[in-house]
Amino acid sequence: MTDAPATPEKRYGTAGDYVQLLKPRIMMLVVFTAVAGLIAATGVTGQSMNPVMAAIAVLAVALGSGAAGAINMWYDSDIDQVMTRTSTRPIPSGAVPREEAIAMGMIMSGVSVLLMWLASNWLAAALLAFSIFYYGVIYTMWLKRSTPQNIVIGGGAGAFPPVIGWAAVTGNTPLDAWILFAITFFWTPPHFWALSLLAHSEYEKAGVPMLPVTHGAKATRLQMLIYTFVLAAVSMAPLVTGLGGWVYGVVTGVLNLAFLYFAVRVWRSHAGDNGASGADQKLARSMFLFSILYLFLVFAALIVEHAAGLHFPVGVL
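In the UniProt record's numbering, the protein residues as written are 1 to 317.
Simulated from the structure, these hints should not be mistaken for lab results. Do not rely on the hints blindly, as some may be mistaken.
[What the hints assert, rightly or not] Computed list of lysine to aspartate or glutamate pairs in EDC-like fashion (alpha-carbon distance at most 16 Å, straight line):
| hint | residue 1 | residue 2 |
| --- | --- | --- |
| 1 | 218 | 273 |
| 2 | 23 | 80 |
| 3 | 282 | 204 |
| 4 | 205 | 78 |
| 5 | 144 | 99 |
| 6 | 144 | 80 |
| 7 | 144 | 100 |
| 8 | 205 | 80 |
| 9 | 144 | 204 |
Because the structure is a prediction, the values reported are computed rather than measured.
Input sequences plus hints: build the corresponding full structure.
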């Protein structure tokens, strides 16, 4: 006689569960980079937004990010239930019904795009709508389960916020806006793969073709190193166009050296391998945590330069 599988005890959703559905940590980073794009556009072009309209535009970005997170959790609830680190999320834990999550995501999507349109212009609203679609459909429903390059191509979704912020101010997206896009885009693979080295067995159990699962930890560590070198080069592009000045250059240069230091050490380690030492795993975790600080400080340097009048360009394209 075999025991029947245990049925998880039903619990009721709290306000915290619904907030978690919006992926608030990702939302904070999204909002911060959007604000950086908005402030940088004001500093470079001399154009500005009414403060109230700017606040509404930022709120729209936050709502759009939360909407994409809710759609992601709705679709990925089967994967989340299998993986230990995600099994306590609102849907697999039974706190929030799937139909409520998708309804919340769709309503917030519409509200966020409408708010952006009313507060700024059609281009910023269209970019916000596309970024929600990119994360909720292109990445979540297609790329994540079909290719080990999921996080590379899908990283475009998280790279749009500074472009949206720039478009909200100016109504266009020049080279400088897309440089900010590129910085976030090339930052995403080493950031996320550092985490996937730690959780590769979880992804394998859930059938998600993350790079460590399909190509092994050694290949992943090499790709992390390559993307970190590319990121270091791309992140210095604002010095060439005049978007970034001396403050940005010094801060970003130091951060690039530190990021490359982590990438080289992880590449030379056995992080993600079967039987990897605790020190190697800790190194990958440290790189993951540092990568968050890296992106925050790079965009913070840009904000400080343009908001505090410390922008002294090194050179202009």
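Here is how each hint holds up against the structure:
1. At roughly 8 Å between alpha-carbon atoms, residue 218 and residue 273 fall within 16 Å of each other, so this suggested pair holds.
2. Using a Cα cut-off of 16 Å, the hinted pair residue 23 and residue 80 holds, with the two alpha carbons roughly 14 Å apart.
3. Between residue 282 and residue 204 the alpha-carbon distance is near 21 Å, which puts this suggested pair outside the 16 Å criterion.
4. With a C-alpha separation of about 12 Å, the suggested pairing of residue 205 with residue 78 holds against the 16 Å cut-off.
5. Straight-line distance between C-alpha atoms of residue 144 and residue 99 comes to about 21 Å, which puts the hinted pair past the 16 Å bound.
6. Restraint check for residue 144 and residue 80: the C-alpha separation of about 13 Å stays at or below 16 Å, so the hint holds.
7. With a CA separation close to 23 Å, the supplied pair residue 144 and residue 100 exceeds the 16 Å bound.
8. For the suggested pair residue 205 and residue 80, the alpha carbons sit about 11 Å apart, so the restraint of at most 16 Å is met.
9. Under the criterion of a C-alpha separation no larger than 16 Å, the hint pairing residue 144 with residue 204 is consistent with the structure, at around 13 Å.
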